[in-house]
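Colleague: If you want the building blocks of each chain, they are given just below.
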Amino acid sequence: MSSCHGSTPAPTLDRSATATMPDALRVLLVGGPNVGKSTLFNALTGARQHTTNAPGTTVELATGTWRTAGLSESDPATERSIVDLPGSYSLLARSSDEQVTADAVWELARSTGEVAGQAGVVVAVLDATALARSLYLLAQVAQTGVPLVVALTMLDLAATATDSPTAGVEPDALAAALAASLGVPVVQVDSRSRADGGMRGLARAVDAVAARPRQVIGIATPEPPRNGVVTDIAQDLAQAETLFAWVEQVVEQVNASLATASDVETHTGSGRPLRRTFSDRVDTVLLNPWAGIPVFLAVVWLLFELTTKFAAPLQGLIGQLVNGPLASGVTSLLGLVGLADGWVQGLLVDGLLVGVGTVLTFLPVMAIMFAALGVLEDSGYLARAAFVADRAMRSLGLDGRALLPLIVGFGCNLPALAATRILPQARQRLLTGLLIPLTSCSARLTVYVLLASAFFPDHAGTVIFAMYLTSVLLVLGGGLVLRRTAFRDVRAEPLILVLPPYQRPHLRTLAMSVRLRVGSFVMRAGKIIVVTMCVVWLLMAVPVTGQHTVGDVPVADSLYSAVASGIAPVLAPAGFGNDHAAAALMTGFVAKEVVVGSFAQSYAVAKPSDAARAGSLGEQLRASFAQSSGGHGGAAALAFMVFVLAYTPCVAALAEQRRLFGWRPTVSALGVQLAGAWLLAVLVFQVGSRI
Amino acid sequence: MYRCCMTLPESPLGAELRVTGVRLPAADAFRLNEMGIRLGTLAHVTQHAAFGGRVIAVAGSRYALDGRTAALIDVEPVTRLA
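So the sequences go chain by chain: A and B. Heads up: the first sequence is residues 1 to 691, going by this note's numbering. Heads up: the second sequence is residues 692 to 773, going by this note's numbering.
A few of these clues could be false.
[What the hints assert, rightly or not] Estimated spans, in silico, between C-beta atoms of each pair:
{"#": "1", "chain 1": "B", "residue 1": "P716", "chain 2": "A", "residue 2": "K527", "range": "43 to 49 Å"}
{"#": "2", "chain 1": "B", "residue 1": "E767", "chain 2": "A", "residue 2": "W290", "range": "35 to 41 Å"}
{"#": "3", "chain 1": "B", "residue 1": "C696", "chain 2": "A", "residue 2": "A492", "range": "38 to 44 Å"}
{"#": "4", "chain 1": "B", "residue 1": "L704", "chain 2": "A", "residue 2": "D489", "range": "52 to 58 Å"}
{"#": "5", "chain 1": "B", "residue 1": "G731", "chain 2": "A", "residue 2": "S193", "range": "34 to 40 Å"}
{"#": "6", "chain 1": "A", "residue 1": "G477", "chain 2": "B", "residue 2": "G731", "range": "30 to 36 Å"}
{"#": "7", "chain 1": "B", "residue 1": "P768", "chain 2": "A", "residue 2": "V282", "range": "36 to 42 Å"}
{"#": "8", "chain 1": "A", "residue 1": "Y468", "chain 2": "B", "residue 2": "L704", "range": "39 to 45 Å"}
If you are wondering where the hints come from, they were derived from the structure by calculation, not from laboratory data. Computed from a predicted structure; not experimentally measured. Note that the Cβ used here is the ideal one computed from N, Cα and C, for glycine as well.
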């Protein structure tokens, strides 16, 4: 099976989170999920954007610079700071993501009202196919008193959706009718258009409203002002009823001015049968009680194959290029300046270049995963996947979509972690991200094959199967434990999901999204990988015994070996407290593929070309494990495999966790993984050695 | 709470229905209201899914509801069922 590392060796939101430029106009994009908000953000900012986590949370915020050339001959070029806030149905938040949105809007409202010259504007993104739902959120935003512009999206879908209240309505007429009813600028945008797509009009409207704010007709700021926190459901419902009535009034006004007696009224029966849309017809297959689950599993299988077998040749090619021509080139260059064969060459070629090579080999798998997820998301299938898999993940309090990264994790943990972005809530993303390292990636398989073949040659298949079963049990058990401890707030909520219409993914938008996400991985996770590789090289390059110079030292005499010897006693209760096993586990922290090579290196035998035929390496392993376990080598080998399964998958996965969730959860998870792996290994050995 | 003729999972595919009761916890019912499904709202069931899940059409939008949630929403037919 292909390896996931290719062939390379070894709670409130402050202003700083939503402002990228101190004096620039602040623009917040607010809208419901799947209304085209992020596509609009990408169209406005291009590559001038980056992602950060909102302070004190794991909620990802995309911030960027919205730059326009002079909108007229007399206008100068303008830059605005813009934030793509998490999709939200309401400012009365029910998740940390929605809370970030509510806090940002209220913070803007306060700063706009209190500090002269610190202007800000909210662009409320309205889905033309679901006006009523979008208008409710707009009404809540308007209640805060922030200057407001409306961006109207999904007009192409509205025109063709046969049962939409806005079906067949001219976009210009709809925008004009809405603007007349709301009293604020309404701009049609087509973020996928190669042409302007309404972006200049949106810029003009935002600048005009910033200079001269207008109030939404029929909306007043309630007294006392709310702050986005649900405190009293009855009071909230009473206030919401006022907004529901306002929404109905606006919809009626728009319908009246468009002279289209809507086919789909909200409270009076039409008496007509439902007009089935294209999406309805597709859903008769994809959501069918019998076909829906097999289709979902087929989609997951395809993702699994893409991120393992399809990516492997590309990873291998990059690994060969880095380790071959690139390493030779750097070595030659160093020779020209007289730095060959020294520690400088070792650091640059065996440390830095190996680190860069590791990052580069991950690029294909990450790009493939981001592209595949983008296709699933843009096409509208991802929401269906959440619905189909809901039952399977409900016991863990997770969205059905969590099943997808968890299954992909059995191929490679890294793209699986990246795939957590499809989950709508930050706490669910974190919980899933903490469970993914427990899925047994393909890199661990080489270790299982080696040890199972060496210690249980007649039952190797059964032992390997048991490891995968243990992995599934660890994910389920870990999930249940976390839900009852650190994630008590993550509960199985009723699934009420808006299903977007199916549509063809837009290649240009998709390509931009993949480029930005891969770039974020390289810049944020890549640095950690490179630094770690350099530290590993340093440990191996510094001599502690014998007469050696830095960079020219056998592993047995290096600081690396000394550290391994220091760790070995800690592993003694698990039966594998020997230097060889400790060194292999240290190497395995970098990448699990190199554990077999590390064993071969430390026993000074040839690495077997096939792990199932361990040969002399197997004999050495049996001897040293038998010695360190008091004659219970088999139990010690099982314990070692369980340790490999349960501890940190690799430095790249760790770096990706840091990128997604920040240092604190990552370091905490690392500690729990190491402690958990040790406890499990000790348990397996202590029980196994007594049977 | 008043319970009308049937629940969503009991409703036939394609029939026009009016929401007459929502027996979810208050916070969940509130979110349902915010999303556009309220007492009196007209809906059609467009798809039966696994484990009692239902897809309903409301004002041009499609909402997926898991089986347990759907069973707590009461509806009545707007037109006489065949």
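Colleague: Run every hint past the structure and note whether it holds.
Modeller: Quick rundown of the hints versus the structure:
In this structure the supplied range 43 to 49 Å holds for P716 (chain B) paired with K527 (chain A), their Cβ-Cβ distance being about 46 Å. A hinted range of 35 to 41 Å is violated for the C-beta pair E767 (chain B) and W290 (chain A), which are about 30 Å apart. Hint check: C696 (chain B) to A492 (chain A), Cβ distance near 29 Å, so the stated range 38 to 44 Å is violated. The hinted window of 52 to 58 Å between L704 (chain B) and D489 (chain A) is violated, with their beta carbons roughly 37 Å apart.
At about 39 Å, the CB distance of G731 (chain B) to S193 (chain A) agrees with the hint of 34 to 40 Å. Look at G477 (chain A) against G731 (chain B): about 46 Å separates their beta carbons, and that is not inside 30 to 36 Å. Against the hinted window of 36 to 42 Å, the Cβ-Cβ separation of P768 (chain B) and V282 (chain A) comes to about 27 Å, which falls outside the hint. Separated by about 41 Å at the C-beta atoms, Y468 (chain A) and L704 (chain B) satisfy the suggested range of 39 to 45 Å.
Consistency with the previously given hints fails for numbers 2, 3, 4, 6 and 7, ordered from lowest to highest.
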